[in-house]
Amino acid sequence: MTMTARPLVHKTAMPGLGLSAGITIAMLSIVVLLPIGALLLKGASFGLTNVLEVVGRERVMASLYLSFKLSLLAALFNLVFGVLLAWVLVRYRFPGKRILDAAVDLPFALPTAVAGIALTALYAPNGAFGSLAQQVGLKIAYTQAGIFIALVFVGLPFVTRTVQPVIEEIEQEVEEASATLGASRLHTLRHVILPMLAPAALTGFALSLARAVGEYGSVIFIAGNIPLRTEIAPLLIVIQLEEFNYDAAAAIGIAMLVISFAMLLAINLIQIVSRRKMGHV
Amino acid sequence: MSDTALPRPAFRVATDEAPLLRIVLIAIAVAGLAVLVFAPLAVVFAEALKHGWSAAIQSLGNRDARSAIQLTLLITAIAVPANAAFGIASAWFITKFDFRGKAFLITLIDLPFSVSPVVAGLCIVLLFGANSAIGGWLVANGWPIVFAIPGIVLATIFVTFPFVARELIPVMIEQGRAEEEAALTLGASGWRTFRTVTLPNIRWALLYGTLLCTARAMGEFGAVAVVSGKIRGQTATMPITIEMLYNEYLSVAAFSMAALLTALALVTLLLKTILELRHADQLAATRRH
Amino acid sequence: MFLTPSSRFGVPLSALVLALAVSAPVQAETLLNVSYDPTRELYREVNEAFAEAWTAAGNEAPTIETSHGGSGAQARSVIDGLNAQVVTLALASDIDRIAEAGKLPVDWQSKLPHNSSPYTSTIVFLVREGNPKGIQDWGDLVKDGVEVITPNPKTSGGARWNYLAAWAWAETNGQDPQAFVADLYTHVPVLDTGARGSTTTFAQRGIGDVLLAWENEAYLALKEIGEDQFDIVVPSVSVLAEPPVAIVEGNIASDAQRELATAYLDFLYSPEGQALAFKHFYRAWDDSAAAPEDVARFPKLDLVSIEDFGGWKKVQPEHFGDGGIFDQIYTAK
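Residue numbers (numbering that gives the first Met the number 0), protein chains in the order written: chain U, 0 to 280; chain H, 0 to 288; chain D, 0 to 332.
Hint data in this document are derived by calculation from the structure and do not stem from the laboratory. Keep in mind that a hint or two might mislead.
Unchecked claim - Partial pick of chain D residues on the chain H-facing surface, computed with a CB cut under 10 Å:
| no. | residue |
| --- | --- |
| 1 | P37 |
| 2 | A83 |
| 3 | A100 |
| 4 | P104 |
| 5 | N130 |
| 6 | G205 |
| 7 | K222 |
| 8 | I224 |
| 9 | Q228 |
| 10 | S269 |
Said to hold, decoys possible - Residues of chain H clear of chain D, computed beta-carbon distances all greater than 10 Å:
| no. | residue |
| --- | --- |
| 11 | E16 |
| 12 | F37 |
| 13 | G175 |
| 14 | L183 |
| 15 | I230 |
| 16 | Q233 |
| 17 | L263 |
| 18 | T267 |
This structure is a prediction, so every number in the text was calculated from the model and none was measured. Yeah, the Cβ is synthetic: ideal placement off N, Cα and C, and Gly gets one too.
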């Protein structure tokens with residue numbers, strides 16, 4: 000395309016460059032870039048110093064820290080549990096497997112508010128799980144633990160659903176070869192299987208994390224929403240909107256956007272770099 | 000793997016975990032899903048059926064409930080194909096070509112997930128609301144976006160944007176380009192290569208992505224709430240109606256609709272299972288070549 | 000108004016949308032009433048009764064749509080272009096915002112009787128059956144071991160009235176109001192974003208000893224959740240909450256529509272409309288057509304109005320604005 004040492008697009012024999020690039024960029028612009036551009040424009044007209052002033056407030060910092068900390072923990076939980084679940088669903092045969100498989104997607108289907116109400120009903124001190132927890136002295140609903148559970152719920156399907164197709168694609172011969180060469184099962188899993196799953200798992204982790212950071216509907220019911228303790232960042236945006244303060248709302252929105260974007264970009268870069276090392280793409 | 004696989008020969012033991020480990024792993028998976036997914040689901044259905052089936056079904060029969068169901072189906076019918084088309088195009092672009100800024104592009108596609116639905120709604124209002132330049136012009140010409148169906152569609156596409164693309168990209172990366180290159184070398188056209196080589200390879204990922212997208216599109220609340228205007232019988236989708244009913248102390252009606260929404264999702268998932276079973280032979284054939 | 004399909008999508012989609020649209024008689028006027036959360040039941044009945052009265056007077060049957068949500072969010076929607084001809088919100092300050100955006104005259108509140116508030120309400124306590132903690136008045140709320148449930152005043156219009164009622168009680172009883180309110184919020188374990196969320200937390204999750212609630216919400220909760228589980232306690236001092244109504248001049252398309260909108264709001268003040276307000280647990284003004292038991296329900300109490308605080312224009316920024324007194328309660332510690 001260009002004459003520089005490293006061209007923008009390498010020429011390949013593949014057809015459809017114009018069409019696929021065209022659709023991708025056109026839809027990305029209309030659906031994502033323009034609306035987000037409007038948000039950034041709002042922030043720009045508010046002024047960088049004002050944006051930083053809003054973001055620097057004690058409550059905003061506390062809620063951002065809380066949102067990202069709990070989202071990270073929830074995404075880590077989903078990473079481990081999701082890979083395990085994907086493995087079990089693809090490799091093992093047991094009664095009820097199909098029901099389990101279908102259930103993985105349910106967190107997407109339930110409206111977040113319904114999920115929040117249902118989870119609170121379960122984990123409140125008079126709920127089925129909440130009363131059990133209380134017997135051992137634990138409070139779940141209206142604490143950070145409750146927020147964690149809601150975030151695990153909304154991010155649950157991501158890792159499983161990105162890893163599952165990859166496990167299905169793994170050629171059994173690879174494992175057989177590894178076994179034939181004398182590797183133990185654990186060794187095969189760690190050094191052959193896991194590296195193959197890593198890109199997809201990392202994608203799922205990133206999506207789960209991103210989804211958790213922005214989650215509002217299900218969290219507000221179970222969170223308690225006490226400032227500095229159980230107040231999540233999206234709630235502060237809603238609070239600013241209630242005051243008709245679009246500028247401050249945009250400021251907090253932009254802060255979340257920038258942090259999320261940086262995290263996602265880092266994860267995607269790691270993936271692409273590691274793939275290059277492995278010789279794909 | 001496929002249910003029609005041949006009886007497993009003895010050497011497969013080498014690629015299986017120990018029986019005890021398998022049982023433990025299955026137990027963890029079942030217990031985890033039971034606590035995280037089935038229990039909340041049970042709450043929804045228990046609340047819906049608190050006063051019996053007839054009360055639940057009756058609550059779904061009125062004018063507002065019906066129009067909410069129709070609206071949600073309409074929105075989904077527009078948003079999902081749009082996202083499927085985008086998903087295929089972007090996955091092809093990203094996996095079949097080498098270009099600079101690939102990670103950046105993938106991250107942009109992921110971005111809607113990290114935007115709080117509330118902010119997503121706010122973005123659309125800022126862009127298309129009556130007080131913005133574009134929105135003001137559109138409204139003046141009789142094309143309102145916000146507080147009308149286009150706004151809801153846009154919000155829905157936004158929140159479900161990455162689903163299909165994100166399902167397709169890892170699978171297409173795993174498959175590489177060799178097969179397509181072979182087909183092209185043998186003289187197949189681009190479309191034919193896509194239809195006969197790529198599509199069979201990615202169909203299950205495509206189906207997964209589309210189904211996830213469908214389920215999420217039907218259930219989206221936060222972003223839609225900001226742009227819908229919540230007019231009963233006109234711009235109130237199923238999740239919005241659920242919230243309205245819940246706030247009216249009509250908890251049976253609210254949870255009945257939530258249960259219906261869940262059931263609709265289950266139907267799409269069942270559809271996937273049936274397709275998988277019916278095409279098991281083909282599937283097995285494309286898996287091992 | 001919202002589904003004029005021809006201009007929206009291509010032809011097949013238009014047909015779909017048209018098929019979904021509610022069929023309305025030709026030429027009939029439409030009206031969109033944008034309201035806040037707890038008025039759903041009220042306006043469901045008002046719309047039916049008004050449509051009947053309107054057609055009985057020889058007019059075409061009107062199409063009246065309603066939209067409900069948090070008062071502030073609803074006002075914001077109208078500012079951003081939601082085509083409401085009538086707004087019936089929780090706080091005058093929310094309608095003031097719409098006026099500031101130029102959609103209705105700044106003096107809107109003087110256009111209709113009683114500060115444009117056809118019905119009023121107040122804040123009461125909902126306690127558990129038998130009132131085990133012996134809660135009688137605001138002072139009892141800050142006793143050791145008492146947990147209070149109220150929504151977040153930053154997100155809920157009703158919660159602002161709760162806060163102001165507590166403030167008013169402290170002032171009348173010679174206490175430092177800011178210290179009292181700050182103390183009160185240390186007894187709040189959960190700050191839901193809306194009134195309904197708080198009611199659920201209190202009634203269904205079993206959290207807290209007392210719920211601060213709109214009077215109409217408290218009665219509704221009793222009716223819907225169970226009279227045998229809760230008692231209503233009326234404090235010695237409370238606030239007069241005036242949810243106002245107004246015509247959004249900027250969204251009126253024709254004289255016929257203005258006539259309909261005017262008649263609709265006037266109907267709220269008619270004996271029939273007032274009776275419906277009483278029925279839905281609001282304190283209305285004219286009880287001539289109301290059922291006696293609906294009127295007898297309300298005990299007399301000392302009500303402080305928002306004017307005693309200096310009006311919403313002063314109260315909103317001072318107490319609930321960014322860095323206002325409510326914010327200081329949490330960040331000062």
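Here is how each hint holds up against the structure:
Residue-level restraint check for D/P37 holds (minimum Cβ-Cβ distance to chain H is 8 Å; threshold 10 Å). The interface hint given for D/A83 is met, as the beta carbon of that residue sits about 9 Å from the closest beta carbon of chain H, less than 10 Å. Look at D/A100: its Cβ gets to within about 8 Å of chain H, closer than 10 Å, so that hint holds up. Look at D/P104: its Cβ only gets to about 19 Å from chain H, farther than 10 Å, so that hint breaks.
With a least beta-carbon distance of about 23 Å to chain H, the hint placing D/N130 at the interface is violated under the 10 Å criterion. With 10 Å as the threshold, the beta carbon of D/G205 stays out of range of chain H, its nearest partner Cβ sitting at about 16 Å, so the hint is violated. Against a cut-off of 10 Å between C-beta atoms, the interface hint on D/K222 holds, since the closest Cβ of chain H lies about 8 Å away. Among the interface hints, the one on D/I224 holds; its C-beta lies about 8 Å from the nearest C-beta in chain H, closer than the 10 Å criterion.
Using the Cβ-Cβ criterion of 10 Å, the hint placing D/Q228 at the interface with chain H is not satisfied: the shortest such distance is roughly 14 Å. The closest approach between the C-beta of D/S269 and any C-beta of chain H is roughly 24 Å, which is over the 10 Å cut-off, so the hint fails. Here H/E16 stays apart from chain D, with its beta-carbon at least about 42 Å from theirs, past the 10 Å limit. Interface exclusion of H/F37 from chain D stands, the closest Cβ pair being 21 Å apart, more than 10 Å.
At roughly 39 Å from the closest C-beta of chain D, the C-beta of H/G175 stays outside 10 Å, upholding its exclusion from the interface. For H/L183, the shortest C-beta to C-beta distance to chain D comes to about 35 Å, beyond the 10 Å cut-off, and the non-interface label holds. Non-interface status of H/I230 relative to chain D is broken: a Cβ of that chain comes within 10 Å, the nearest being about 5 Å off. Its beta-carbon lying about 5 Å from the closest one in chain D, H/Q233 breaks the requirement of being farther than 10 Å from that chain.
Every C-beta of chain D lies more than 10 Å from that of H/L263, the closest at about 17 Å, which supports listing it as non-interface. Even its closest Cβ contact with chain D, about 20 Å, leaves H/T267 beyond 10 Å, as expected for a residue assigned away from the interface.
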